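Given the structure of chain R, go ahead and fit chain B onto it with the hints provided.
Protein chains: 2
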Amino acid sequence: MTYCVAITLERGLVFAADTRTNAGIDSVAQFRKLHHWSWPGDRVLVLLAAGNLAVTQSVVSLLNERLGLPHDKKTPSLLTVPSLYRAARLVGDTLREVRRTDGAELEASISSFSASFILGGQIGTEAPQIFQIYPEGNFIRATDDTPFLQIGEHKYGKPILDRVAQSSMRLGQAAKLMLLSFDSTLRSNLSVGLPIDILIYERDSLEVRRQKRIGADDEYFRNLSAAWSDALRNSFAQLDDFDV
Amino acid sequence: MTYCVAITLERGLVFAADTRTNAGIDSVAQFRKLHHWSWPGDRVLVLLAAGNLAVTQSVVSLLNERLGLPHDKKTPSLLTVPSLYRAARLVGDTLREVRRTDGAELEASISSFSASFILGGQIGTEAPQIFQIYPEGNFIRATDDTPFLQIGEHKYGKPILDRVAQSSMRLGQAAKLMLLSFDSTLRSNLSVGLPIDILIYERDSLEVRRQKRIGADDEYFRNLSAAWSDALRNSFAQLDDFDV
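Chains as they are written, first to last, in the numbering used here: chain R, 1 to 244; chain B, 1001 to 1244.
Extracted from the complex, chain R is given alone in its bound form (with noise of 0.2 angstroms):
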């Protein structure tokens, strides 16, 4: 399984991913989710990917091979696409793709086809957006009133992003919000693991400045792990007993 976040704000925009795959629980590695381009000046764009890894490396594989290609209109690819709605279509029209190629033989076996995405960025002076791409090829649009979007293991993080995210975020805290999001995932589910990819984008800078990649020794990370559970412990002490 996987689990990718991301969150839209007023300030830009934050991605997150894990790195852990698994084809059943003996037959796990590390994959990275979270893919970028960046076209300093021009374009930022990121996608997670969550589902089955062939799948979702072949959709990256077209996507980096269209940018070669001459830029006519017949061929559209991320670095000419006018808008993020047309990235996000073309990122839906390349999984469509790749379900016409393997779709029916995965569809004939345990497997299945599953694919999701995320995709986000900036397009010039567009305003930053985040989509979030269905196995079907279509997508949605996050806005101010649910700012974040989650593709594969989503359940466990949910409770927290849904108290406490808000599109007037500092970026750094919305991160650190992620984090905790992840945090949550990766205790009650071993099908998420680290490290987690980070990338934060600042609004109207188009070009990737900062990004991280946090493993189990990243000091940042535990201790924020660690001040949660106590804060989570501390604040459970004081509430009152149910008593009936």
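Errors might be hidden in some of the hints.
Pairwise CB distance ranges, derived in the manner of DEER restraints [what the hints assert, rightly or not]:
hint, chain 1, residue 1, chain 2, residue 2, range
1, B, Asn1064, R, Ile140, 39 to 49 angstroms
2, B, Glu1207, R, Asn234, 28 to 38 angstroms
3, R, Ala54, B, Gly1103, 31 to 41 angstroms
4, R, Ala54, B, Gln1057, 24 to 34 angstroms
5, R, Glu105, B, Arg1086, 45 to 55 angstroms
6, R, Trp39, B, Glu1107, 49 to 59 angstroms
7, R, Thr146, B, Glu1107, 27 to 37 angstroms
Just so you know, the hints here were simulated from the structure itself, not pulled from any lab data.
Treat the numbers as computed from the prediction; the structure is a model and nothing was measured.
Glycine is no exception: its CB is placed at the ideal position from the N, C-alpha and C atoms.
Here is chain B on its own, set in the frame of chain R:
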């Protein structure tokens, strides 16, 4: 969907279940999912049910029907089984019986056959125990390593249990923990809804003394929910932001 949780403690057992059922989001109803039988001085049995309501109701109806039969060894009932292990087998066997009756038609439809149970209580001088019964009719027993069991929509409410649950807790403290686990679930998933039925069993009491239905107007639950939200937000604000 449904959320049910139970915990086994040195001092006894605590059970909780929501009451929302839905067949699609436009067909929502309220049904009791916490059932109990008590023969004071002899035994107390508590059953939490998740899954297809027609299936779980059939199981409960058959269990009740057998209570009225003559107490011979060929027709075991909740009243006559000599141990909780045998009670769990009885529930599992009854579930298999319902599968034989209704399984084929349900598997052929979109709804499929789904049902799981948590059974707990105490029989005579045996220690109180809780069991989780799977749709296949087999089951596991909770131990001190992981003293709680969950069925239904369990992921949202699992992180707080993973952090806090211990078999040395007081009964009222465990009930508070379960209500917080419900609070996270209720906020994040519409298919789980108030009121919550909660039952606290005191070890060796061999009767049901403490149970309550907790609705939206329950003062303790409202205060708990508000205080927990405040505590989480305050704790979050006090942790250092992420910086890279």
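Hints, verified against the model:
Between Asn1064/B and Ile140/R the C-beta distance comes to about 47 angstroms, which sits within the given range of 39 to 49 angstroms. Taking the beta carbon of each, Glu1207/B and Asn234/R are about 36 angstroms apart, inside 28 to 38 angstroms as hinted. Taking 31 to 41 angstroms as the suggested C-beta distance range, the pair Ala54/R and Gly1103/B conforms, at roughly 34 angstroms. Between Ala54/R and Gln1057/B the Cβ separation comes to about 43 angstroms, which falls outside the hinted range of 24 to 34 angstroms.
Taking 45 to 55 angstroms as the suggested C-beta distance range, the pair Glu105/R and Arg1086/B conforms, at roughly 47 angstroms. As the Cβ distance of Trp39/R to Glu1107/B is approximately 53 angstroms, the hint placing it in 49 to 59 angstroms holds. Between Thr146/R and Glu1107/B the beta carbons are some 36 angstroms apart, a value that agrees with the proposed interval 27 to 37 angstroms.
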